[in-house]
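Q: All chains should be modelled from the sequences, with the hints used to inform the complete structure.
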Amino acid sequence: MTHTLTTPTLPRRLTIPLLLPMLLLLVALSGCAGGASPQAVTTPVEASEPTVATPATATDTPAAAAADTSAEERSASTADLLLARVGINAEFEPFVYKDEAGQVVGFDIDLLTALAKAGNFEVTYVDLPFEQLLAQVETGELDAAISAITVTDERAEQVSFSDSYFQSGKAPVSYFNPGQGLAVRNDETTIASADNLTSQTKVGVKADTTGAQFVATETDAEAIVYPEAANAFAALRNGDVDAVVIDIPVIVRYITNNSDAGIRITGGPLTDELYAIAVSPARDDLLTRINAALAQIQSDGTYDQLFEKWFGSP
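Going by our numbering, 42 is the number at position 42 of the sequence shown; the sequence numbering is gapless.
Calculated directly from the structure, the hints in this document are not laboratory data. Do not take every clue at face value.
With a Cα cut of at most 30 angstroms, we get these calculated DSBU-like pairs of lysine-lysine [as the list claims (entries may be wrong)]: (1) K202 with K98; (2) K98 with K117; (3) K117 with K309; (4) K309 with K98.
Ranges of calculated distance between the beta carbons of each label pair, as one might list FRET restraints [to be verified]: (5) D187 with G140: 47 to 53 angstroms; (6) T217 with G268: 14 to 20 angstroms; (7) D272 with E100: 17 to 23 angstroms.
We put the CB at the ideal spot given by N, CA and C, even for glycine.
A: Laid out in structure tokens, this is it:
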């Protein structure tokens, strides 16, 4: 008797239910092979340009600035990177102001950018009224401040000052003399110098400046205090005040940009002044960096390039 060996087959109705789990398993395994979602491994990208009141660098990012150096050298260069929260008053053209695009620019900004690069520190700018700058540097809310700040004995009791980066000399009334100047309207005939500022004279000044102090202590005139230089110049043009006392470079810049304003400078510099960076007494490390960097950019020609960019050649 011959026996035939046959291979049993699954009933058709059982085939699909058994295959479905296997197919689902294969799909799942295929999905796993695709890897994790990109969001889980995204590396944050740092902003490349400084923004006011937002953490930003005034220098190139360490990796970009040291692209030609080794990883070890880059690590060493960033190991002692300092951070600095710097106050500004962006209403003091040509030193610190906002351009038509709303970007903070000026001689002081370019200077601090160069100092930060040379001194290996990063800057966050905070725009504040001028009268708040030194108070916040003194308490440590700000690490430093820069906005054509004049060094005085009184201020030196509040904050530390860097070496001077802009100073009065024997130069005539021009950009190159940061002393206080006297601005009047072109049709003014009675005010030729500070000696003519009598008790009948109204003089516009910017709040908490050496110009305001000069008018209050050295003249009999009535000081009319304005929050910003632009307000004082507007008052002069409108006839609300008879004169304005403020930094000479600021007057020159205003007249240059507003040739139809009908304003001129009269008399010589009223004061001899030094501009410096105010630094918190608690940030000697930053002060040391700033002074060393300032000496470096003055010796390597960077300072002269910035000066010529903003003020022209002496």
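Q: If a hint holds in the structure, say so; if it doesn't, say that too.
A: Do the hints match the structure? See the list:
1. For the hint pairing K202 with K98, the CA-to-CA distance comes to about 29 angstroms; that is within 30 angstroms, so the pair holds.
2. At most 30 angstroms may separate the alpha-carbon atoms for a hinted pair to count; K98 and K117 meet this at roughly 22 angstroms.
3. The suggested pairing of K117 with K309 holds, with an alpha-carbon distance near 18 angstroms, which does not exceed 30 angstroms.
4. Only pairs whose Cα atoms come within 30 angstroms are accepted, and K309 paired with K98 is accepted, the gap being roughly 17 angstroms.
5. Range check, D187 to G140: Cβ separation about 49 angstroms, and the 47 to 53 angstroms hint holds.
6. In this structure the hint that T217 and G268 lie 14 to 20 angstroms apart at CB holds, the actual value being about 19 angstroms.
7. Evaluation of the 17 to 23 angstroms hint for D272 and E100 yields a failure: the beta carbon distance comes to about 34 angstroms.
The structure does not agree with numbered hint 7 stated previously, though it agrees with all others.
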